[in-house]
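Asker: The primary structure of each chain is shown beneath.
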Amino acid sequence: MAKITLTVNGEKRSAEVEDRTLLANFLRDELKLTGTHVGCDTSQCGACTVHVDGRAVKSCTMLAAQAEGCEVVTIEGLAKNGKLHPAQAAFTECHALQCGFCTPGMIMTTAALIKQHPQPTDEQIVHGLEGNLCRCTGYLNIVKAVKHAAELQKAK
Amino acid sequence: MYSFQYRKAKSLAEAGEVLAKDDEAKPLSGGMTLIPTLKQRLAQPTQLVDIAGLPELAGIDNKNGVLTIGAATRHADVAGSKVVQDAIPALACLAAGIGDPQVRNRGTLGGSVANNDPAADYPAAVLALNAKVVTNKREIAAADFFQGMFTTALEPGELIVKIAFPLPKAAAYCKFPHPASGYAMAGVFIAQTGDGVRVAVTGAGASGVFRWTEAEQALARGISAEAIEKLTLAADDINEDIHGTREYRAQLVKVMATRAAAALSGKK
Ligand SMILES: Cc1cc2nc3c(=O)[nH]c(=O)nc-3n(C[C@H](O)[C@H](O)[C@H](O)COP(=O)(O)OP(=O)(O)OC[C@H]3O[C@@H](n4cnc5c(N)ncnc54)[C@H](O)[C@@H]3O)c2cc1C
Ligand code: FES
Ligand code: FES
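Just so you know, the protein sequences line up as chains U and C, in that order. Its first residue numbered 51, the first sequence is counted upward by one per residue in my numbering. Its first residue numbered 2, the second sequence is counted upward by one per residue in my numbering.
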């Protein structure tokens with residue numbers, strides 16, 4: 051067993067977990083933060099994307115123990131003071147989802163992307179979303195939403 | 002996943018000792034290859050020794066004509082490093098094209114080179130640039146390091162500490178990525194070095210990364226796309242799988258080499 055302490059959405063959390071526990075399972079099963087989705091077992095779909103120390107990572111491909119001492123932000127931690135994050139608002143306004151399964155991961159990736167590229171080009175958006183698969187939308191509205199998210203972020 | 006013991010190494014020496022004592026223990030770096038392998042139950046290590054945070058494995062520096070990158074440096078940090086961009090732009094560009102952003106945010110240079118996946122990008126750069134793989138025991142020349150698919154000169158308990166890339170006069174990398182994973186269907190790294198032109202091919206060889214000597218000879222007379230267009234790469238030793246036949250891959254290698262040569266000749 052591994053004793054871990056990490057910060058999740060601004061709150062310090064300590065737990066004892068099996069060494070092999072994946073961060074995604076820790077978030078979902080232990081902390082009941084089920085907004086982080088698990089859509090594959092090949093590390094390809096990105097539905098499980100969270101931020102660890104400010105970087106988008108696939109929480110299904112990281113051990114909870116590796117996150118010891120880290121700052122983790124999940125989709126549940128993105129809205130601040132009851133106000134949606136620009137990426138969340140943009141996905142809603144642009145109707146960038148159908149079933150919504152990929153959406154938490156898409157939004158976490160988008161939030162990291164617009165931080166890195168405040169005015170992303172189409173090329174940067176498409177390249178930046180390579181680690182996130184959507185089986186419904188065909189991506190058009192998702193790309194629009196990322197652009198819109200950048201605009202909302204700027205206007206903030 | 003089978004169960005294992007996770008242990009965060011406090012020093013390179015400690016990691017080396019633990020691994021030397023336990024044949025079934027494995028080093029864990031970015032985990033972007035090892036964790037998916039464990040999830041598929043394709044490996045059953047007793048312990049994972051986390052080396053990602055070791056200071057001995059960190060750092061990027063350019064000194065005396067050699068760019069040295071610590072083994073635990075993440076792909077995103079190689080891609081974003083001003084030092085790498087200035088010293089060997091083709092290497093920064095290669096790192097920026099590995100997998101996807103999330104993979105680049107965790108995967109590391111050392112993990113990729115140690116793994117020697119026949120479709121991985123870094124091995125092409127290491128071989129073409131004639132880099133040295135520095136371990137906790139010795140220095141290994143690129144030519145001796147890669148020994149066929151997923152096989153390297155690393156001994157049990159031996160860890161890559163850093164990789165030293167002699168600066169080329171110029172270099173270019175072009176790959177045809179698999180549309181789903183980003184791994185190379187064919188990737189060609191061309192380097193103009195003090196010892197002549199070196200051409201390394203990844204993604205295509207039936208026994209992993211290799212040097213395409215005919216292309217090197219053709220380019221020695223001058224870098225141009227036309228020099229490659231005249232060549233035919235024999236398909237005998239090319240890998241064949243569900244993603245493509247050996248003939249298709251041999252052709253892809255030629256196209257990628259042509260593009261890399263064109264990029265280089267345009268720069269001159
Ligand atoms: C979806 C996806 C897409 C990908 N696309 C690409 C791609 O396009 N191109 C590409 O090249 N790669 C790709 N990869 C692989 C990725 O680059 C990995 O990061 C890399 O292969 C392994 O590095 P790591 O640090 O994650 O190593 P780990 O997974 O931690 O380790 C890999 C192996 O190396 C050993 N090891 C690790 N570090 C050391 C060391 N310092 N010394 C000795 N042994 C060590 C481990 O024990 C293990 O056996 C992809 C991976 C995924 C999940
Ligand atoms: S669940 Fe993590 S990549 Fe698919
Ligand atoms: S909205 Fe259904 S998978 Fe993306």
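Calculated from the structure, these hints are not laboratory results. Hints are not guaranteed to be accurate.
[As the list claims (entries may be wrong)] Simulated crosslink set (DSSO-like; lysine-lysine; CA at most 30 Å straight-line):
| no. | chain 1 | residue 1 | chain 2 | residue 2 |
| --- | --- | --- | --- | --- |
| 1 | U | Lys53 | C | Lys40 |
| 2 | C | Lys138 | C | Lys9 |
| 3 | C | Lys9 | U | Lys53 |
Asker: All hints, please: hold or fail.
Answerer: Now for the hints, and whether the structure bears them out:
{"no.": "1", "hint": "U:Lys53 to C:Lys40", "verdict": "22 Å, holds"}
{"no.": "2", "hint": "C:Lys138 to C:Lys9", "verdict": "21 Å, holds"}
{"no.": "3", "hint": "C:Lys9 to U:Lys53", "verdict": "12 Å, holds"}
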